[in-house]
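There are 2 protein chains.
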Amino acid sequence: MKERLIDQKLAVLRVEPSQLDQLLHPRVDPTTKMQKIAKGLPASPGAAVGKVVFTATEAEAAAAKGDRVILVRTETSPEDIGGMHAAQGILTARGGMTSHAAVVARGMGKPCVAGSTDITVYEEHGYFFAKDHKVQRGDAITLDGSTGDVMLGEVKLIQPELSGDFATLMSWADKHRKIGVRTNADTPKDAQVTRKFGAGGIGLCRTEHMFFEGDRIDAVREMILAEDVEGRKRALAKLLPIQKADFKSILETMGELPVTIRTLDPPLHEFLPKTDAEIQDLAKKVNIPGERLKAKVDALHEFNPMLGYRGCRLGIEYPEITEMQAQAIFEAACELRKQGKNPYPEVMIPLVSTLKELQMQQEIVERVAQDTMKKAGVKVRYMLGTMIEVPRACVVADEIAKIAQFFSFGTNDLTQTALALSRDDAGKFLPLYVERGIYPEDPFVSIDQPGVGYLMRMAVAKGRATRKNLEIGICGEHGGDPRSVVFCHEIGLDYVSCSPYRVPIAKLAAAHAVLKPAVKIKEMGEK
Amino acid sequence: MKERLIDQKLAVLRVEPSQLDQLLHPRVDPTTKMQKIAKGLPASPGAAVGKVVFTATEAEAAAAKGDRVILVRTETSPEDIGGMHAAQGILTARGGMTSHAAVVARGMGKPCVAGSTDITVYEEHGYFFAKDHKVQRGDAITLDGSTGDVMLGEVKLIQPELSGDFATLMSWADKHRKIGVRTNADTPKDAQVTRKFGAGGIGLCRTEHMFFEGDRIDAVREMILAEDVEGRKRALAKLLPIQKADFKSILETMGELPVTIRTLDPPLHEFLPKTDAEIQDLAKKVNIPGERLKAKVDALHEFNPMLGYRGCRLGIEYPEITEMQAQAIFEAACELRKQGKNPYPEVMIPLVSTLKELQMQQEIVERVAQDTMKKAGVKVRYMLGTMIEVPRACVVADEIAKIAQFFSFGTNDLTQTALALSRDDAGKFLPLYVERGIYPEDPFVSIDQPGVGYLMRMAVAKGRATRKNLEIGICGEHGGDPRSVVFCHEIGLDYVSCSPYRVPIAKLAAAHAVLKPAVKIKEMGEK
Numbered sequence: 001m002k003e004r005l006i007d008q009k010l011a012v013l014r015v016e017p018s019q020l021d022q023l024l025h026p027r028v029d030p031t032t033k034m035q036k037i038a039k040g041l042p043a044s045p046g047a048a049v050g051k052v053v054f055t056a057t058e059a060e061a062a063a064a065k066g067d068r069v070i071l072v073r074t075e076t077s078p079e080d081i082g083g084m085h086a087a088q089g090i091l092t093a094r095g096g097m098t099s100h101a102a103v104v105a106r107g108m109g110k111p112c113v114a115g116s117t118d119i120t121v122y123e124e125h126g127y128f129f130a131k132d133h134k135v136q137r138g139d140a141i142t143l144d145g146s147t148g149d150v151m152l153g154e155v156k157l158i159q160p161e162l163s164g165d166f167a168t169l170m171s172w173a174d175k176h177r178k179i180g181v182r183t184n185a186d187t188p189k190d191a192q193v194t195r196k197f198g199a200g201g202i203g204l205c206r207t208e209h210m211f212f213e214g215d216r217i218d219a220v221r222e223m224i225l226a227e228d229v230e231g232r233k234r235a236l237a238k239l240l241p242i243q244k245a246d247f248k249s250i251l252e253t254m255g256e257l258p259v260t261i262r263t264l265d266p267p268l269h270e271f272l273p274k275t276d277a278e279i280q281d282l283a284k285k286v287n288i289p290g291e292r293l294k295a296k297v298d299a300l301h302e303f304n305p306m307l308g309y310r311g312c313r314l315g316i317e318y319p320e321i322t323e324m325q326a327q328a329i330f331e332a333a334c335e336l337r338k339q340g341k342n343p344y345p346e347v348m349i350p351l352v353s354t355l356k357e358l359q360m361q362q363e364i365v366e367r368v369a370q371d372t373m374k375k376a377g378v379k380v381r382y383m384l385g386t387m388i389e390v391p392r393a394c395v396v397a398d399e400i401a402k403i404a405q406f407f408s409f410g411t412n413d414l415t416q417t418a419l420a421l422s423r424d425d426a427g428k429f430l431p432l433y434v435e436r437g438i439y440p441e442d443p444f445v446s447i448d449q450p451g452v453g454y455l456m457r458m459a460v461a462k463g464r465a466t467r468k469n470l471e472i473g474i475c476g477e478h479g480g481d482p483r484s485v486v487f488c489h490e491i492g493l494d495y496v497s498c499s500p501y502r503v504p505i506a507k508l509a510a511a512h513a514v515l516k517p518a519v520k521i522k523e524m525g526e527k
Numbered sequence: 001m002k003e004r005l006i007d008q009k010l011a012v013l014r015v016e017p018s019q020l021d022q023l024l025h026p027r028v029d030p031t032t033k034m035q036k037i038a039k040g041l042p043a044s045p046g047a048a049v050g051k052v053v054f055t056a057t058e059a060e061a062a063a064a065k066g067d068r069v070i071l072v073r074t075e076t077s078p079e080d081i082g083g084m085h086a087a088q089g090i091l092t093a094r095g096g097m098t099s100h101a102a103v104v105a106r107g108m109g110k111p112c113v114a115g116s117t118d119i120t121v122y123e124e125h126g127y128f129f130a131k132d133h134k135v136q137r138g139d140a141i142t143l144d145g146s147t148g149d150v151m152l153g154e155v156k157l158i159q160p161e162l163s164g165d166f167a168t169l170m171s172w173a174d175k176h177r178k179i180g181v182r183t184n185a186d187t188p189k190d191a192q193v194t195r196k197f198g199a200g201g202i203g204l205c206r207t208e209h210m211f212f213e214g215d216r217i218d219a220v221r222e223m224i225l226a227e228d229v230e231g232r233k234r235a236l237a238k239l240l241p242i243q244k245a246d247f248k249s250i251l252e253t254m255g256e257l258p259v260t261i262r263t264l265d266p267p268l269h270e271f272l273p274k275t276d277a278e279i280q281d282l283a284k285k286v287n288i289p290g291e292r293l294k295a296k297v298d299a300l301h302e303f304n305p306m307l308g309y310r311g312c313r314l315g316i317e318y319p320e321i322t323e324m325q326a327q328a329i330f331e332a333a334c335e336l337r338k339q340g341k342n343p344y345p346e347v348m349i350p351l352v353s354t355l356k357e358l359q360m361q362q363e364i365v366e367r368v369a370q371d372t373m374k375k376a377g378v379k380v381r382y383m384l385g386t387m388i389e390v391p392r393a394c395v396v397a398d399e400i401a402k403i404a405q406f407f408s409f410g411t412n413d414l415t416q417t418a419l420a421l422s423r424d425d426a427g428k429f430l431p432l433y434v435e436r437g438i439y440p441e442d443p444f445v446s447i448d449q450p451g452v453g454y455l456m457r458m459a460v461a462k463g464r465a466t467r468k469n470l471e472i473g474i475c476g477e478h479g480g481d482p483r484s485v486v487f488c489h490e491i492g493l494d495y496v497s498c499s500p501y502r503v504p505i506a507k508l509a510a511a512h513a514v515l516k517p518a519v520k521i522k523e524m525g526e527k
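Those protein sequences? They're chains A and B, same order as listed.
Residue 527, in my numbering, is where the first sequence stops; the numbers in between run on with no holes.
Residue 527, in my numbering, is where the second sequence stops; the numbers in between run on with no holes.
Since the hints were derived computationally from the structure, they do not count as laboratory data.
Idealized CB from N, CA, C, for every residue including glycine.
Any given hint could be a false lead.
The calculated label-pair distances, taken between Cβ atoms and stated as ranges, are [unchecked claim]:
1) A:D132 x B:T275: 32 to 40 Å
2) B:Y122 x A:T55: 53 to 61 Å
3) A:N469 x B:T117: 49 to 57 Å
4) B:K294 x A:M383: 49 to 57 Å
5) A:I158 x B:R367: 53 to 61 Å
6) A:K178 x B:E79: 53 to 61 Å
7) A:D67 x B:A295: 32 to 40 Å
8) A:T55 x B:F303: 22 to 30 Å
9) B:E213 x A:K238: 53 to 61 Å
10) B:A295 x A:E435: 20 to 28 Å
11) A:D132 x B:F303: 31 to 39 Å
12) A:K238 x B:Q359: 52 to 60 Å
Start from the sequences, fold in the hints, and give me the full structure.
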């Protein structure tokens, strides 16, 4: 382009979105000598160097002192989120490409080697074995999340370069693309990364991810274990200022850009301990009999949690939860408005599949919004909408759009339900299915267009038949997959939302969606 | 009608299908004195009298001697099937209207009182407490599955009368209805009941239910635990004659009527023990190290088995399973054909959601069918088709119909996936959802017409666009629900399939579906 051999459009088309992945993460300097000690799955790209730690608490403490650490665990669970944030990279002995460690690491843009069967972790003794190598707590290692390699010592890394030519290319992509690009961001820190990558807003803020940080989980557990509404309200009152402070910081960081906040979604048992030892520990901490806690944990057990007691089903049985979350959102927004700012929250209700569910949750949100604004004496722009993540929601999208001001496709769960395919269990047969061409590719990576895509088209058509200006986006992991971004452009979505680290990829794919057909037509005309 | 005051059509319309439920089961004589000792859920209608037993083995042994027994358990599991068949009725302390005991009992047409919190079962001591009453093994009790009452001693029962007026009404219903009525029947004994109730065939024969009887489970477990194809084939060779004998008996009983046989469907872990003690027991029995068995059980564990490794996914990874089942079906059919009979098997592949899956299973079934018929020197009528139970299958029904000669809607699973609603877990919030009118009624009882029904209509239209004469039925429990039967008639299904004991209800509902619109039109004309 600088040599005037091709034009800007062709220059944009000459770079494949997937190529950017390499540019966006640090990588191992290939000229350095390395001692590879183990191999695992390349679960989240990029390279990382740090000292070995074995618990989330250690990781957070070390990071607070400015140390760079690698979190090594047999497998991770939601309680490790803080430690994963604090670490440079994550190494696990168990779990596949869709394990907790892998999914969360990709979301954070953090290098991860998962399911390395070469290693055995002895957390309680403070070391792990990588084949014959014994690696002690505090020893330095290097991970390459793009290849799955684990190396001894500090290997030299090459840092990514986001300015210069890269910035120029991004500005061209922005000029040509039509579809918006937002990010999934759960914390104030995520929101800052979002701005850095030039996203047009937050498409998914999962409020429950805030629940795991520090001692917040205690209040969450107190709420779950409460015997009655009063007990729940007492616990929720402790969460209110915490959620409000988070929302305020996120909304402030995002300025006038939209922030889609999802109300509580996961099944409650995800917040409770699992093993008997953990249950006894917690029972002591919250001062209730171990047996009662065990009974509660058992009562919340589910055979199929993906199809269970979660999403808006929680907010309908416990309206006080939705109420607290709405209060946190609108109090935060009103305070910013009073300071002359112009925040834009979009409240999103999850797992809706009937109009009535949305209506019941809307009544709560509306009431709290109006009350809070009246009390504060200001008006705040906001919308209320829903995730579209259940096949039935696609079928009755015309009904749901009577109330919903926006839709956001939750394509992770829509894929699980439409294909009867559990993401956590599919590892047993999905590789075979892809290898034999039953699925042209992993439907959790790229949207299954004839199946899930058909339902999405239906929901778009039905939704806009009821509400012409219905805002529609996507917040599943597909929002960062180039092929899926092109598909979302084609079916008329307003935006895609993805992990911050995939924003450049999504932008470039979005520009390709516009330019490819035009260039094809031109080529045909020139023949 | 006999008094010539109304005509036959109006007479049929004057009886509500749901009223028949009372006529089809024995009921408690209301004039008898009764001592009620506990109450539970009315999980399966009808009354039953018998002596208390606590295990399936006891029940089978007692029944073999001609004793009438009531099986009392904390809860039932698939291994209890034999005992449930042998018992007059079932009483459980735990579980809801959709628990294993309740669903299986309704399928068997056997009275069941489930989830009676009034009782505590001490199986190991041979008694149970019903509030203050201690009931010993061998004591007589009476259950009323229509009310949920449990009574001490033998209460006098009134037997149902299926001849006389009832038979006349049925003959009228048969004359007017257009849609066929088949039954779900898993065993030779079920097939006999099917004939008794005058069904037009078997719409669902679940081959795995045969796997639990007697010591068959040992061969099934040997197959699951096999280390390689050879080991699996050795175990399958043991199952072949058993399955073949069952199929032969079922096909023979059904004469020329169609018998839809589903290939292996449930996740393999359903066939393995769960507790550590059971695992150690089995390990000794099959002579493998307890640890290895435990590791296998752990490896097969699933987070969401409903969306997991089951259905055709098993037959695709282990083609030798489908092969053995096809061989059993066609060897049985050929032997009957040689005797001058004319059996009609319909081989049904479960959990299909792509054309390719069906194609891969069809290749196996076709090859085995052709080989077997060639070897036997006879031709057998048969069809190959699929369950439609995954939302994606409805979306791509036009593709699937390229190979499928019939569809059968598996509306239990289609409801679970389309609504993201686990039947086993929904007890936590489903009552609230029905009470608040979020669902007009329990979607597992009557088809959710705007949601699941929409997907069914779509599948019918798409399927018949590809294959005009595509046979379409339904084999979910909805096939015995009057409102759902009318809906199936309206969307153009060829038949419904239900529990044998619901055949008269389905037939009457089917007649209503034809007659109601006609009578309405006549009434309007008379105005």
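Failing hints, ascending?
When the structure is compared with the hints, only number 2 turns out to be violated.
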